[in-house]
Amino acid sequence: MTIHPEDQLSAYIDNELSEYEKKQVENHIATCDSCQALMNELIAMQSDLKQAFYSIQEPADLEDRVLQSIEIEKESVGFIKGWLLIPFLAVLVICIIFFSIGGFLIKLIHGSFTLLTAMVYMISHFISSLPVFSGVTVVLSLTILTLSIYTLRRMFQTTTS
Amino acid sequence: MNEELYQIIHRAKHGDREAFADLVRRYKGLVFRYAMGMLNDRMDAEDASQEAFVKAFFSLSNLDNEYAFSSWLFRIVSNLCKDRLKKITKERMLVREVNETIVDTNFSDPLERLSIEEGISRLSVEHREVILLHDIEGFRYEEIADMIEVPLGTIKSRLFAARMALRKQLRGEDK
Chain A
1 MTIHPEDQLS AYIDNELSEY EKKQVENHIA TCDSCQALMN ELIAMQSDLK QAFYSIQEPA
61 DLEDRVLQSI EIEKESVGFI KGWLLIPFLA VLVICIIFFS IGGFLIKLIH GSFTLLTAMV
121 YMISHFISSL PVFSGVTVVL SLTILTLSIY TLRRMFQTTT S
Chain B
1 MNEELYQIIH RAKHGDREAF ADLVRRYKGL VFRYAMGMLN DRMDAEDASQ EAFVKAFFSL
61 SNLDNEYAFS SWLFRIVSNL CKDRLKKITK ERMLVREVNE TIVDTNFSDP LERLSIEEGI
121 SRLSVEHREV ILLHDIEGFR YEEIADMIEV PLGTIKSRLF AARMALRKQL RGEDK
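Note that the protein sequences, when read in sequence, are chains A and B.
The opening residue of the first sequence carries number 1 in full-length UniProt numbering; numbering runs sequentially from there.
The opening residue of the second sequence carries number 1 in full-length UniProt numbering; numbering runs sequentially from there.
These are computed hints drawn from the structure, not numbers from a lab.
Computed list of lysine-lysine pairs in PhoX-like fashion (alpha-carbon distance at most 25 Å, straight line):
id, chain 1, residue 1, chain 2, residue 2
1, A, Lys50, B, Lys168
2, B, Lys86, B, Lys55
3, B, Lys28, B, Lys13
4, B, Lys55, B, Lys82
5, B, Lys55, B, Lys87
6, A, Lys74, B, Lys13
7, A, Lys50, B, Lys28
8, B, Lys55, B, Lys90
9, B, Lys82, A, Lys50
10, B, Lys13, B, Lys55
11, B, Lys28, A, Lys74
12, A, Lys74, B, Lys55
13, B, Lys82, B, Lys28
14, B, Lys82, B, Lys168
15, B, Lys28, B, Lys86
16, B, Lys87, B, Lys28
17, B, Lys28, B, Lys55
Label-pair ranges, simulated between beta-carbon atoms:
id, chain 1, residue 1, chain 2, residue 2, range
18, A, Ser18, B, Asn2, 28 to 34 Å
19, B, Asp64, A, Leu108, 56 to 62 Å
20, B, Lys82, A, Leu89, 39 to 45 Å
21, B, Lys90, A, Ile101, 53 to 59 Å
22, A, Ser55, B, Glu126, 22 to 28 Å
Glycine included, every Cβ here is placed at the ideal spot set by N, Cα and C.
Okay, chain A solo, but in the shape it has when bound:
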């Protein structure tokens, strides 16, 4: 029984076979009418196909449409980028405000602390420089201390009783 290399015929007409395979196909078609006919039919079909497709005209304005689409796409990308820029700018502004106000707050706290220390120093200096104030302060302190001890003792007594 003769084996027809039909599957090789297609690659043969496309010149995609090795030299050895090509020789085998050529030897076969030289003696096989049906494979010769099939090969001719495939060649004719390929030619008809090319003719039919090459007669199709592409739209003349395709190029303009492509360039227009590119422009539109670029604009929309720019628009999206613009919209993305807004939240970014907002975050940036918040950060700037925070950092500038943050610095101011730190300075304010630092200044207040310095002022408070100076005031405490001034008050203590003022009290110690006047003997009347010193005596009044000592008496006031002792009174507060006594009252505190008394209150604490009463508190403990009521709790235990």
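Dock chain B against chain A, hints included.
Then chain B, alone, in the frame of chain A:
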């Protein structure tokens, strides 16, 4: 690829709009014919071609090798056409579900003689793809294998099967 074309692709890759317009002029016929063969509808083919070029413009900077521009472009067109075909099939299936009495578009008169374009449109997507890439676009087996990511042997057998299926369609043996 000649030096002139290489330079145009190189310039387009680096953002030269004029060079890209030149590429569109050179490839629009090939791209459109391929899309026509795959989609069998002029409007769809126009849209797919346009979309392919726009996509190519925005991803051209990712092209590693200027010499591979042609197969790279056809990979884009091919994928877009396949996506469209999937969408069309899905829509048709939905319509069929809604209206069971819909006329089968593939139904044909046994005595009708098909044109070669109609014959192509009745092939499977895989068969259509290899025939168009080889016979119309002129790619070699190796390039097609690389483009659609299948072994070289598969391209050889698929192209033979596609031609036999087309021959069958044209001879009216499939009815």
